[in-house]
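K.L.:
On the provided structure of chain A, position chain B as indicated by the hints.
Heads up: the protein sequence lines correspond to chains A and B, in order.
Residue numbering for the first sequence follows our numbering, beginning at 284 and increasing consecutively.
Residue numbering for the second sequence follows our numbering, beginning at 284 and increasing consecutively.
Just so you know, these hints were derived from the structure itself, not from any lab.
As the structure is a computational prediction, the values presented were derived from the model and not from experiment.
Among these hints, one or two may not hold up.
Note that the list lumps identical chains together, so a pair holds whenever it fits in one copy or between two copies.
To be verified - Listed below are the simulated SDA-like cross-link pairs for lysine to any residue, each with C-alpha atoms no more than 20 Å apart in a straight line: (1) K803 x R473; (2) K568 x R667; (3) K803 x R667; (4) K716 x G749; (5) K716 x H809; (6) K803 x A793; (7) K716 x T394; (8) K803 x E649; (9) K803 x D451; (10) K803 x A523; (11) K568 x Q397.
Protein chains: 2
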Amino acid sequence: MPVTATAIDPGTSRPRSWWGWGYTDAHPDDAECVEMGALLPGTLARPLPIPRVADLSIGRPGVTPPPSLAHLVTADPEARASHAMGKAYRDVIRALRGRPGRIPDLVARPTADQEVADLLDWAGEHAVAVVPFGGGSSVVGGVEYRGDAHRAVLSLDLTSMDRVLEIDTVGRSALIQAGALGPVLEGQLRPHGLTLRHFPQSFEFSTLGGWLATRAGGHYATVHTHIDDFAQSLRVVTPAGAGTSWRLPGSGAGPSPDRLFLGSEGTLGVITEAWMRLQERPRHKTSASLAFTDFRRALDAVRALAQSDLAPANCRLLDPGEALLSGASHDGSSVLVLGFESATAPVDDRLAVALDLARAHGGIGEAPQADRGTPADEAVGAWRSAFLRMPYLRDGLARMGAVVETFETAATWDRIPALIDAVRAEVGAAALKATGHEATVNCRLTHVYPDGAAPYFTVAVAGRPGDEVAVWDDIKAAATDVLHRHRATITHHHAVGRDHRPGYDLQRPAPFALALRATKSALDPHGILNPGVLLD
Amino acid sequence: MPVTATAIDPGTSRPRSWWGWGYTDAHPDDAECVEMGALLPGTLARPLPIPRVADLSIGRPGVTPPPSLAHLVTADPEARASHAMGKAYRDVIRALRGRPGRIPDLVARPTADQEVADLLDWAGEHAVAVVPFGGGSSVVGGVEYRGDAHRAVLSLDLTSMDRVLEIDTVGRSALIQAGALGPVLEGQLRPHGLTLRHFPQSFEFSTLGGWLATRAGGHYATVHTHIDDFAQSLRVVTPAGAGTSWRLPGSGAGPSPDRLFLGSEGTLGVITEAWMRLQERPRHKTSASLAFTDFRRALDAVRALAQSDLAPANCRLLDPGEALLSGASHDGSSVLVLGFESATAPVDDRLAVALDLARAHGGIGEAPQADRGTPADEAVGAWRSAFLRMPYLRDGLARMGAVVETFETAATWDRIPALIDAVRAEVGAAALKATGHEATVNCRLTHVYPDGAAPYFTVAVAGRPGDEVAVWDDIKAAATDVLHRHRATITHHHAVGRDHRPGYDLQRPAPFALALRATKSALDPHGILNPGVLLD
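So that you can see chain A by itself, here it is in the shape it has in the complex (with noise of 0.2 Å):
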């Protein structure tokens, strides 16, 4: 497979930003950026220039991949840039400002496991650093190499593993590369009826062996809400061996040893393949939003729902803010959006019990007359398209000056009202002390579980021209310190990466720690894997 720098994504021939989210023909034009640089007090006037590469000091690469591995390793300027960092508005923000992250030398590209095996063979010889890299989404400096401790650092690109390898139709899974981004998967299990139904925010940009490395959450509100639960064997490729887990639907033989390398961010190994249980395409769909004028009401409508057994496919809170934004409501009411999906049975009736559960908490809305499109279910349609667009618009923000990021978490239930208005006080107050200007803190509750919930939250506030990441480096302490201290988790879904590593650390119980430490020695001997994540 010849090696390809420009970044054009493979499913849509349309052409990859190498510094912001997403296609470059989505993103706001100048125009629109002013248009919302306006609705931020103290935005710049004029939008900052798209970056160019050509601007960037790329130096030569420190190293020389030997004559048997050249033709799967790139030096082009085009290719490193891409490769430099993921899209977290800190990423962005550097872009901008024409200081990204240390470029890596090179970037591979391999298309087999063997090969893996002897880039990874290569770059412990050469104390060549590697960085796993799938669709390059992460928001969390999850694929960028930070320091100087190795001689070089070498990019590892899996998306030239992209194929599905094999269908069991009889129990709905599929062994899939690692490297396969959402729609390109999809596409390929689609003429066999079978989907993954995995949807995080990122699909179209994000890798399956991204999503398993860093615990992806997917769209599903309830029970399955992270990949892990879908992976039925992984393939694993270390620095001191391969191996692959034996599909099987559960077992009790032991710890889990998936459950190991999910999450592990490529610090332990590189997950090559993976057999995947699969899903119909759900026959049953319905949704539906009702309006809250009291948001804890809202919460307490959310806990009943997370606790029944109707087990939502979707039940997205949004706070007034987030509610307003997403043009989902205009009057100050918390909106909560409902969803319900089945390849079994019709799911009106699960719909009806959960709006009854809704209404008893101060729920106001509408049973849905019929299927999608409906009056009742506009809010529903009105969020999903908001939450795809969300990320261009940050761009475009950021653009103008702006600081606009999203952090998540997870808590009990009896420490979410605490912590969100704790959020919203703290994360305010450092973005104020940082910026002098009012910042907006929404929340939405993206994940429920019986025994918790997920709270999403996004900032946005003017930056200090110049001093962006400063700025944002502020306000992310203080939400990592008000996090900790109300027992919440540094991250639900975006993974620690190295932005994360100070919660994180906190965190971590200590048995735990010492076990990932020797862990890590013994897979990693020469500590070339994505140092500095989860673990130095």
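P.N.:
For chain B alone, coordinates are given in the frame of chain A:
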């Protein structure tokens, strides 16, 4: 808390058997044993006598605890004998033949974390093996010591740590000490209207810590089949220090710390307490059974149910032999036992859809007219009673010189029919070769998944008098071999212990084996924790 040497059940005040299953007052008497033996050609004419502790040669302990720990430790022969083994057939017959496993030198009953840590410190300094012990119901050699690499053996009985320490009614969770037996913890939850609803066959005789350490299977046939999903946070005391994971409903911060200790079987640390996710008691229940003249079609029916989203709480398929033995059918048909339960809404509709699905695959059965106890429901009750009585009957048959044991596994659906056929044929052949008698090999499916199922096999055959252990070991070797060739797990929910090591070592992926060994060295540097389990 005083050390009690006699094994009186704390909840019921009924006497516990030191050598066999459960309560001694529930053991079949001699006449019943003879009656059962008559059903298996070749068994003894009269039952083996009930073994007495006084007949064992129990030496003086090879080690003396320091005065500071003496009050936690006993060398009482009854206590030591009852902690020498688990409750597998292999254990029972060894006791009956007067050849139990190595008797531990001491039994300790700590009442607090610090005492556990102190005992581990002392044991580490003096090369004393520590075998964590909950209810002692292991059927895989998980609670005995084998070999002589250690100076002495301490059985660490956790059942004095049996309190529910804290209840969060908002998030429906409880902090429970690991030594609480099933009825002991449910009794403390009941006044709060909450339940863990984890009902393994050993419910009365196993502890929360044992369930967590072995990834026990509960009564839920679908979705939450193992205890794993109900663990919110674990506290683990290791020789290298203690730690507690945060109470989180979900998290994506690195690999799950809890999943490393779930299934660690006392080799990495001692689980001393856990926050567990609870449920309301179900308000709606219904069940029904269907008969199938064709087992293969019954398998298809179960697969269809498992791949639906109906989530039956009970979905057990009994093959003709199993159905006959339990009284669920007498005409050679297979029986599918279905049950639904909910605290939210009536479940009759879900049962109706399920029955339709099963009938479409040849199932014959009426919908129940009302709740439990209707004629259509008789098979359910018959099977449940037989289920709880089974281990007692096994011991009665053991006294007649029979070899009677179960083993369970799991595999993907594409492998299930051939796997079940192969186990029947090969295990039957091994039993015939070892004994000269035709064996009964029955099968039921206990837990089912969209991608596979967990078959549970029962073997019964007359043994060679005095050589029953060797006979069983031959049969088990054949079972291990056939499971391995069919890539079926060595255990779905009975754990690995020492008995399943040959199968476990074959199926564990090499990188995970390296990780586990490294973790063991880091957390248990003196190698005192449950030596021989999972690892050498």
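K.L.:
State whether the alpha carbon distance between K716 and H809 is at most 20 Å within one copy, between copies, both, or neither.
P.N.:
For K716 and H809, neither the intra-copy (43 Å) nor the inter-copy (53 Å) Cα distance is at most 20 Å.
K.L.:
When no copy is named, should K716 and T394 be tagged within, between, both, or neither for a Cα gap of at most 20 Å?
P.N.:
Result: close neither inside a copy nor across copies, 50 Å intra and 50 Å inter.
K.L.:
Classify it for me, K803 with A793: is the Cα-Cα distance of at most 20 Å met within a copy, between copies, both or neither?
P.N.:
both (15 Å within a copy, 14 Å between copies)
K.L.:
Reference check for the pair K568 and R667, CA-CA at most 20 Å: within, between, both, or neither?
P.N.:
within (15 Å within a copy, 37 Å between copies)
K.L.:
Measure nothing new, just compare the shortest in-copy and cross-copy C-alpha distances for K803 and R473 to 20 Å and report within, between, both or neither.
P.N.:
neither (38 Å within a copy, 44 Å between copies)
K.L.:
Within, between, both or neither: how does the pair K716, G749 come out at a Cα-Cα threshold of 20 Å?
P.N.:
within (16 Å within a copy, 82 Å between copies)
K.L.:
Using 20 Å as the alpha-carbon threshold, which applies to K803 and E649: within, between, both, or neither?
P.N.:
Result: close neither inside a copy nor across copies, 54 Å intra and 57 Å inter.
K.L.:
Evaluate K803 and R667 at a C-alpha cut-off of 20 Å and name the case that applies: within, between, both or neither.
P.N.:
neither (40 Å within a copy, 47 Å between copies)
K.L.:
20 Å Cα cut-off: does K803 pair with D451 within a copy, between copies, both or neither?
P.N.:
neither (34 Å within a copy, 37 Å between copies)
K.L.:
Quick one: K568 to Q397, C-alpha cut-off 20 Å, is that within a copy, between copies, both, or neither?
P.N.:
neither (44 Å within a copy, 54 Å between copies)
K.L.:
At most 20 Å between C-alpha atoms: does K803 with A523 qualify within a copy, between copies, both, or neither?
P.N.:
Both: 10 Å inside a copy, 18 Å across copies.
Violated hints for the displayed structure, listed by number in ascending order: 1, 3, 5, 7, 8, 9 and 11.
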